[in-house]
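K.L.:
Residues per chain, in single letters:
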Amino acid sequence: MSAGALSQSVLNGLALSGIYILIALGLTLVMSIMGIVQVAHGEIYMIGAYAVYYMIAVLGGGFFLAIVVATLFVGGLGVLLERLCFRPFRGQPDRAFTVSIALILILQNVVLAIAGGNPLTYPSPFTGVLRILGVAISWKRLIIVLVGLGLLVCLFLFIKLTRTGQAMLAISQEREGAALQGMNIDRISAVAMFLGCGLAAVAGGFIGSLFSISPTMGSFALMKGIAVIILGGLGSIPGAVVGGAILGLVDGVLPALTTTHIAGLVGFATIIFILIFRPQGIWGHD
Amino acid sequence: MGRIFAAVAIACLLLLPLLLTGPYHLHVLILTMMYVVLASSLRLINLSGQMSLAHGGMMTVGAYTSTLLVMKAGFPFWVAMPLAGFSAALIAYVVGYPFVRLKGIYFSIVTIFFSEVVVLTAQQWQGLTGGNTGIFGIPRPSPVVIPRILRMDFSSKTDFYYLALVLMLVSLIILYAVERSRIGLILRGVQQADSLAESIGIDTTGFKVLAFTVGSFFAGLIGGFYCHYISAISPDAFSFLFTIYILVYVTVGGEKKFVGPILGAAVLTILPEVARPLKAFMPFLFAAVLIAVIFFVPEGMAGLPDLARRLMPRSEKRPARA
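So the protein lines, in turn, are chains A and B. Counting in this note's numbering, the first sequence runs from 1 upward without gaps. Counting in this note's numbering, the second sequence runs from 1 upward without gaps.
Next up, chain A with everything else stripped away, as it sits in the complex (with noise of 0.2 Å):
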């Protein structure tokens, strides 16, 4: 493979990464501090890109002003399932489970009954290349990552200097010791889930300038959102990113070198590997 290829489908899983790490941040948030695993989360990222879809080329509004807005809806749909759907069964992992699996139904057909079945595409308003070193470099791939690096940043912030992110550690790591210090257990489920799920929209709405979009599009999502989040420990942000960028870069590359499926069976034969033998993730600890 020449370089030129290389650098390409480096740039390519760069901007993989940056997909895959908001996935993971926002599910990692959730099944951390909500105690659940939301395996409706690719559907709330499939949710994103409808809505950004639904922006641009139905109400006509710019790329970023959508990408605003489906975040604000789609964080807002994730606080009233929060409110609705997962709270009742706060201690219960295997009911909010079932929950979740009936919410990839609901939520898959409900876009289906509205936007239908076929694939939709929107265009990215970045067309032009950037070329560093005789590298060119797609704007819309850039973006991804450089979006991704900043809400990475924000959400680290958030969390360090808030007293609501300060809480949320608070609560993954120690929930009832949490709630007998006077956190609003309520208040911090919402602030995760809109997080969360806002995250996810990020992801899908970029994603479709990269992508055709589809109601299906979200089982995809799901599973390298785990993946990732296996790879790096659940509950850790460090290892989002970090599990992010190599499953990026793994997904981006490897494909070129070989076929899609070998790429996948080796990503996927890899994660069975660690969950096998480190449990707690690469980075985690127990």
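Any given hint could be a false lead.
Said to hold, decoys possible - Now the in silico label distances, taken between C-beta atoms and shown as ranges:
#1 Asn132/B x Leu84/A: 37 to 43 Å
#2 Asp236/B x Leu84/A: 31 to 37 Å
#3 Leu16/B x Phe220/A: 37 to 43 Å
#4 Leu65/A x Arg188/B: 53 to 59 Å
#5 Ala115/A x Pro76/B: 47 to 53 Å
#6 Leu84/A x Leu271/B: 23 to 29 Å
#7 Arg180/B x Asn118/A: 49 to 55 Å
#8 Phe220/A x Arg309/B: 44 to 50 Å
#9 Gln181/A x Leu241/B: 38 to 44 Å
#10 Leu59/A x Thr205/B: 52 to 58 Å
#11 Leu84/A x Ala308/B: 26 to 32 Å
#12 Ser7/A x Phe296/B: 54 to 60 Å
#13 Leu84/A x Pro76/B: 51 to 57 Å
Stated by the list, open to error - Calculated lysine to aspartate or glutamate pairs in the EDC-like style (CA-CA distance at most 16 Å, straight line):
#14 Lys256/B x Asp94/A
#15 Lys103/B x Glu198/B
#16 Lys257/B x Asp306/B
#17 Lys103/B x Asp94/A
#18 Lys256/B x Glu179/B
Treat the hints as calculated values from the structure; they're not laboratory data. Where a beta carbon is used, it is the ideal one built from N, C-alpha and C, also for glycine.
We have chain A already, so just place chain B on it with the hints.
P.N.:
Using the frame of chain A, we list chain B on its own:
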């Protein structure tokens, strides 16, 4: 009571093709019986306290095993179909030992990934599996002829109906026997108190693997049946969503009782056909039923009689205390 009910149900199922001659009705019933076996075998795995989401993957393994044995190795269907079950069981046994070390949801996750690996392998190994397009024109089962008594050549759906019925009854009898045996008791013990069972010398890992192996056997068996029934197989025939539906049958039916998954699979497959004008809304109804069950009857449909009894305590006299 239960036995009389089962006998009546079996008699009805035997006679049903005389009343329902439309191929579509028979097709729905054949699918229902497949789902009954799948849901009941999934419940056996759940009985050991771990939720497998590898059933779709195991069906794919079984379907390809049977197809390839018949089409490439010249095996008769009647040998290939049981081997389909055994191949899935063998794979479950091998991957079971590392998998069951994972607790709770992590076991479920690794089984999802296992199914993905099966799908990707089938897609990649084009020389053997036909890749993405899969394999078409899978032959029907070879005819069964007992002179003057029985003649089944599987050219009609009725013959497949009776084959599916026999498969279902045999599977249910085996699953019931396993559950009522010592093994079933131990599995329940493992489900309720993993560490306690281990502390009194029960090989919990071994029994979890056993449940996973036996449950997967039936998934492979049904996969083997299904590909010959519809005469085609493709890598993504039994997707993640397919497995989720099987899980929904178990949950809605109620996994505490043996009859639960049977009820769940039967009602949730036949109801959409009865309510055909609402077919476009079916996934919503499906999800609504699921959510209603989780919220209001966590023990599922099989738990409804108990629930009714609890809600109407006066209708029943309390047994006198000894």
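K.L.:
Starting from the hint list further up, note which numbers the structure goes against and sort them upward.
P.N.:
none
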